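Starting from the structure of chain U, add chain B where the hints point.
Chains U and B supply the protein sequences, listed in that same order.
Take the first sequence: its letter number 86 is residue 86 in the working numbering, and every next letter is one higher.
Each number in the working numbering corresponds to the 1-based position in the second sequence with 1000 added.
The reader is advised that the hints may include incorrect statements.
[What the hints assert, rightly or not] On the chain U side, residues computed to face chain B include the following (Cβ under 10 Å):
| id | residue |
| --- | --- |
| 1 | GLN6 |
| 2 | LEU10 |
| 3 | GLN38 |
| 4 | GLN45 |
FYI, nobody ran anything at the bench for these hints, they're computed from the structure.
Please read these numbers as outputs of a predicted model, since none were measured by experiment.
Cβ atoms here follow ideal geometry from the backbone N, Cα and C, with glycine treated the same way.
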Amino acid sequence: AQRVTQPEKLLSVFKGAPVELKCNYSYSGSPELFWYVQYSRQRLQLLLRHISRESIKGFTADLNKGETSFHLKKPFAQEEDSAMYYCAYSGAGSYQLTFGKGTKLSVIP
Amino acid sequence: EAGVTQSPTHLIKTRGQQVTLRCSPISGHTSVYWYQQALGLGLQFLLWYDEGEERNRGNFPPRFSGRQFPNYSSELNVNALELEDSALYLCASSSARGGMRNTEAFFGQGTRLTVV
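Isolated chain U (complex conformation) (with noise of 0.2 Å):
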C-alpha cells in the first residue's frame, strides 16, 4: 500500500536547536510531496511543496528520490515553531493527498 510514513510523534527541540522531522514515502511513481502544518488551535494549512522549492518560515525540504524522503529541516528552531507537522503526497494521476500521521513539534524555550 502506498504510504507516509512520519518516525516520530513527538519531538523536542531547545530554542536555537537545528531541526529535522522526518518524512518517508512509499511510491514507485512521481509524487508530488507536501509538509502541511497546524498550530495550536488554527486550522491544518500549507507550509510548503516540494514542486516550488521554497523556503517559508526558514524550512526547507528536498525531495530525495533514491532514499525515497522528503525531511523537513529549519536551521535554528523557533518558539513558534511549535506546532503538528504533516507529509503529504499525492500520486501520479490523483488529486487527493495521502497524509502521514503527524510529528508534534515541541521547541524548548
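Using the frame of chain U, we list chain B on its own:
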C-alpha cells in the same frame, strides 16, 4: 475572505444513529474533500467532490456518503453510526480540477463527532 466553514463544530450521537455534516468551501472553489482524523490514525481520505460529482472515495464503507450542491457546498452523511466513527471530520476545498496535487487546499476547522 471567508475560509472553509464547517458545521456543526461538535456533536454527540448514539450508536446506530445517522449524522449529517456540512461544509462551505471558499468562494470560487469547486472541489471539496472530506477527511476523517481519528485518534492515532492521522488524516484518512474519505471523499472528493468536484462540480457536483463524486470523483473519488477512500477506503470507507458505503454508509459514508455525501453530496455536493450547485453552490459547491457539501454534506457528509454517515449512517448506522459506530463507536469507531468518533473522530474529527475535516473538509477542504481547492480551486481547480487539478485538485490538492496542483493547487493549495484550504481546510476548515472540522466537526468533532463523538459516538456513544
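When the least beta-carbon distance from U/GLN6 to chain B is tested against 10 Å, hint result: 9 Å, holds
Chain B contact restraint for U/GLN45 - C-beta distance below 10 Å: Holds, about 7 Å.
Status of the U/LEU10 interface restraint (C-beta, 10 Å, chain B): Hint violated; U/LEU10 Cβ to chain B Cβ min 13 Å, cut 10 Å.
Hint check, U/GLN38 versus chain B [nearest Cβ-Cβ separation less than 10 Å]: Hint holds; U/GLN38 Cβ to chain B Cβ min 9 Å, cut 10 Å.
Checked against the numbered hints given earlier, this structure breaks only hint 2.
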